[in-house]
Amino acid sequence: MEQIQKKKDFTSYGKALAFLAIEIFAILAFNLGNSFIFYSILAVALCGLLVFFLRKQFTKDGLTSLGFFLFPILIYGLLNAISYFNQDPAFNLYGYGFGLCLIPICLVCIAAVGYLCSINPNFKIKQVLLVIYSAISLITIINLLATIIDFAPFHTILYKGQYIYYDGRPSEVPVSEMAYGLIGFRMTQLSVSYVSLFPSVLLSSFIPLFYSKYREDRKSFLLYLSFGLLGVISLVLMPTKMTIISDIFVVTILLMVVLTEKLKLGKVMKIASIVVGSLVVLGLILAILNNLNGDNFVKSLISGNRLLNRVFNANRLAVVYNNVLDGLFDDYKAFGTPTFTQVDYPNGTPFTGSFLFDNFITGGIFGNVFFIFTMVVGIRRMFMYFKLSDDRKQDKMLMFGFVFSFLAYSLLTYSSSPFIFEDTLIPMYENGLFLIVLMLFGYCFGKSELHKKPAEEKVEESEVIQNEEVNI
Amino acid sequence: MKKSTSKLLILIPVFSITACGYSLREVYSGNAYNDPVFANNYYKEWDERISDGSDKVTKSVSIRLEKEKNHVFTSYKDSNFQYCEKNYENYQYDDAIMLDDDEDPAYGDAKKLSRIDDSFRYGYLSKLFDGRMFCNGAYQLARVQIDEKGFGKLLNKELAQSDFFAMNFKASLDYTAHPFFQTESKIDLHIGFYLKSGDDSYTLKTVSYIIDNVPTNSSDGHDENHYTFFGFKLDKEYIDIERCCGISVTYDLLDCKGRYRDEGSSTVTMTLEQLKSAGIDHALMLYEILLPNSTWH
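So the protein lines, in turn, are chains A and B. Take the first sequence: its letters are residues 1 to 472, numbered as in this note's numbering. Take the second sequence: its letters are residues 1 to 297, numbered as in this note's numbering.
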């Protein structure tokens with residue numbers, strides 16, 4: 001009787017905790033601007049509650065793997081907290097000391113929340129995904145309507161090269177690079193790149209349509225279809241060159257994700273992704289070597305070859321990236337870049353428009369290494385989760401879609417300085433959608449651990465197989 | 001079909017209110033009124049509803065200000081300004097960007113109209129509401145250059161009450177013509193207030209005042225000898241501008257001398273007639289318009 005009572009109590013708590021977690025997912029998806037303190041408080045509070053109520057569900061193996069998962073995130077957070085970027089009094093997060101500790105604490109707690117939710121039987125990923133996409137759609141509609149009202153449809157084409165005066169000064173960017181939207185708790189002029197992030201992520205909501213039937217689940221089908229169409233409409237009404245390129249990249253990645261699953265090309269894609277990943281890492285190493293002080297073999301090779309020079313030096317993106325990589329191994333740049341050293345950038349900020357290179361600024365070389373490591377480990381766990389978990393296939397695919405669409409878009413067009421008329425910065429680790437990616441990684445970690453066969457069972461199985469072979 | 005048609009029709013009012021915000025009311029190709037040619041930098045825009053010949057404006061009152069009766073002041077240290085601004089001792093006649101944190105706040109920055117409503121932050125004339133009272137090396141970025149015909153602008157808010165009016169400005173002869181020394185201009189300044197009198201009609205009240213010694217071709221520093229800080233008390237008995245929703249600034253140039261050193265290092269003095277014959281332009285450089293301690297709706 002007592003055990004049934006305990007189970008009943010836990011179920012109530014479990015439902016309440018699942019509800020709280022879903023609320024936090026919604027708040028993060030709504031991306032309340034520069035509200036890092038708010039996210040941190042929510043993450044710490046919920047993490048504490050989950051640990052307290054779910055403590056009896058923990059296993060030794062589970063805790064060990066959680067520790068391995070959280071360690072690189074903790075280091076990434078710490079390196080950002082102590083970086084030279086955050087020492088700049090104009091931009092550091094809520095002062096020194098405790099304020100800076102918020103970065104690693106928030107990142108670790110957010111990831112841990114995802115892990116802990118996976119062991120709460122009342123936490124349903126399908127509801128969470130619906131809430132996330134609903135919140136993103138809501139902010140997309142708000143931004144779209146606000147932009148249409150304050151500017152005009154297709155203003156990015158109609159007002160090319162036109163500037164407005166604000167506070168007595170001409171705007172630093174033309175009207176064609178602005179949108180009007182909600183950030184935090186106010187409406188203001190924002191960069192088109194930032195506003196287009198949400199509809200670009202919404203493009204992934206077409207994925208469930210490949211895995212569900214209209215007749216079986218009409219409501220969800222129509223909801224995801226409308227989310228996707230909203231994303232398309234929003235992107236069509238404020239197109240820019242960079243957002244079009246980024247969205248083509250996003251759509252390509254999403255198609256690859258779906259086709260890989262549908263055509264069972266897992267092994268082929270694994271090899272392809274290793275090859276592509278290796279090429280990207282090689283490219284990054286070459287780019288770093290190309291920007292070392294003094295002459296070296298790589299520099300001479302690149303400048304002497306027309307194609308390599310075009311790729312690494314003579315294009316618009318390379319110029320921006322090279323400014324970050326230049327002198328990367330100087331004392332202060334190895335641990336992030338104070339913004340006061342960067343004077344020739346739009347809005348007075350040094351950011352490149354790619355999270356991969358922006359991480360060199362906010363966290364330095366080592367911060368970026370741990371970030372890349374976290375992403376690789378997290379994505380690898382997502383594949384394990386896909387294979388092992390008993391969640392619906394459409395939910396698993398949608399999770400892939402969310403993560404890959406966000407990373408693909410942000411690789412080319414991440415806006416760390418979304419405000420047009422203010423200097424407030426929003427580095428990657430403050431972005432609500434990135435924090436959702438961390439939570440989903442944590443969820444995948446937990447789910448894949450839950451369904452992973454324990455080591456003893458594997459040993460027993462292999463012994464049984466061996467014995468059978470001997471008997472034969 | 002009918003349901004989907006009616007749902008689509010909802011979009012029509014949405015699209016009909018596009019471009020209704022502040023942002024696109026004025027757009028410019030790059031940095032406007034920033035030409036090397038002096039004559040190309042005059043701001044001459046008049047809102048068509050209050051421009052000359054508009055039938056929406058009724059001329060009501062034209063007042064010639066009197067220094068004592070209307071507490072007119074022409075400098076920050078003027079006793080009439082101290083009468084109008086009771087807390088003048090708590091502020092500095094300087095720009096906020098020039099001051100350290102432990103100094104008294106800048107008057108312009110503390111009383112600027114852009115603190116009252118966001119609509120004052122938009123448009124070319126936001127230069128007059130941004131709290132920057134002085135050049136301090138910002139040149140065209142800080143000032144609005146006007147000729148005698150001036151400008152007229154309708155605002156997005158209506159004035160309910162204000163203690164007094166103030167404007168910080170100086171004058172300039174075309175500095176590209178000759179390297180003129182600092183001199184003074186004598187002008188008859190006219191400030192027009194457009195009061196809402198109906199849905200789309202306005203009553204104009206104009207105040208005028210002759211200022212003998214507007215610094216002309218002075219340096220760009222914030223020394224009060226380089227600017228005129230002009231203003232007057234808004235007393236309901238004499239000047240009631242409640243419901244003011246528009247403003248214009250014009251002037252008549254009464255006298256000015258231009259002095260410069262020629263190639264032989266002799267000082268040349270040009271009278272107003274000589275300046276006009278030589279086609280040398282004169283302008284007022286407006287830096288800030290203030291309606292301190294005002295309330296709006």
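Hints may be right or wrong, so weigh each one.
To be verified - According to the in silico footprint, chain B covers these stretches of chain A (three or more CB under 8 angstroms from chain B): (1) 154 to 161; (2) 164 to 174.
As the list claims (entries may be wrong) - Partial chain B-side listing against chain A, Cβ under 7 angstroms, derived: (3) 27; (4) 41; (5) 45.
As the list claims (entries may be wrong) - Quick list of simulated restraints, FRET-style, between CB atoms: (6) A:141 / B:141: 48 to 54 angstroms; (7) A:101 / B:175: 54 to 60 angstroms; (8) A:317 / B:277: 28 to 34 angstroms; (9) A:329 / B:45: 38 to 44 angstroms; (10) B:206 / A:245: 52 to 58 angstroms; (11) B:48 / A:141: 54 to 60 angstroms; (12) B:45 / A:241: 32 to 38 angstroms; (13) B:269 / A:241: 42 to 48 angstroms; (14) B:140 / A:276: 48 to 54 angstroms; (15) B:175 / A:282: 30 to 36 angstroms.
FYI, nobody ran anything at the bench for these hints, they're computed from the structure. A virtual CB, placed ideally from N, CA and C, is assigned to each residue, including glycine.
Taking the hints in turn, this is what the structure says about them:
Evaluation of the coverage hint for the stretch 154 to 161 of chain A: fulfilled, as 3 residues show C-beta separations to chain B shorter than 8 angstroms, against a requirement of three. For the stretch 164 to 174 of chain A, the stated coverage by chain B holds: 7 residues have a C-beta nearer than 8 angstroms to a C-beta of that chain, and at least 3 were required. Of the supplied interface hints, the one on residue 27 (chain B) holds, with its beta-carbon coming within about 4 angstroms of a beta-carbon of chain A, less than 7 angstroms. A hinted interface residue such as residue 41 (chain B) counts as satisfied when its beta carbon comes closer than 7 angstroms to some beta carbon of chain A; here the least separation is about 14 angstroms, so the hint is violated.
A hinted interface residue such as residue 45 (chain B) counts as satisfied when its beta carbon comes closer than 7 angstroms to some beta carbon of chain A; here the least separation is about 12 angstroms, so the hint is violated. The hint said 48 to 54 angstroms for the Cβ distance between residue 141 (chain A) and residue 141 (chain B), and at roughly 38 angstroms that hint is violated. With their beta carbons about 56 angstroms apart, residue 101 (chain A) and residue 175 (chain B) fall inside the hinted range of 54 to 60 angstroms. Distance hint check: the CB atoms of residue 317 (chain A) and residue 277 (chain B) are about 58 angstroms apart, inconsistent with the given range 28 to 34 angstroms.
A hinted range of 38 to 44 angstroms for the beta carbons of residue 329 (chain A) and residue 45 (chain B) is inconsistent with their spacing of about 54 angstroms. Range check, residue 206 (chain B) to residue 245 (chain A): Cβ separation about 57 angstroms, and the 52 to 58 angstroms hint holds. Checked against the given bound of 54 to 60 angstroms, the beta carbons of residue 48 (chain B) and residue 141 (chain A), roughly 36 angstroms apart, lie outside it. Distance hint for residue 45 (chain B) and residue 241 (chain A): a CB-CB separation of about 33 angstroms, consistent with the stated range 32 to 38 angstroms.
Between residue 269 (chain B) and residue 241 (chain A), the C-beta spacing of about 58 angstroms breaks the proposed range 42 to 48 angstroms. Between residue 140 (chain B) and residue 276 (chain A), the C-beta spacing of about 51 angstroms keeps the proposed range 48 to 54 angstroms intact. For residue 175 (chain B) and residue 282 (chain A), the Cβ-Cβ distance of about 59 angstroms falls outside the hinted range of 30 to 36 angstroms, so the restraint is violated.
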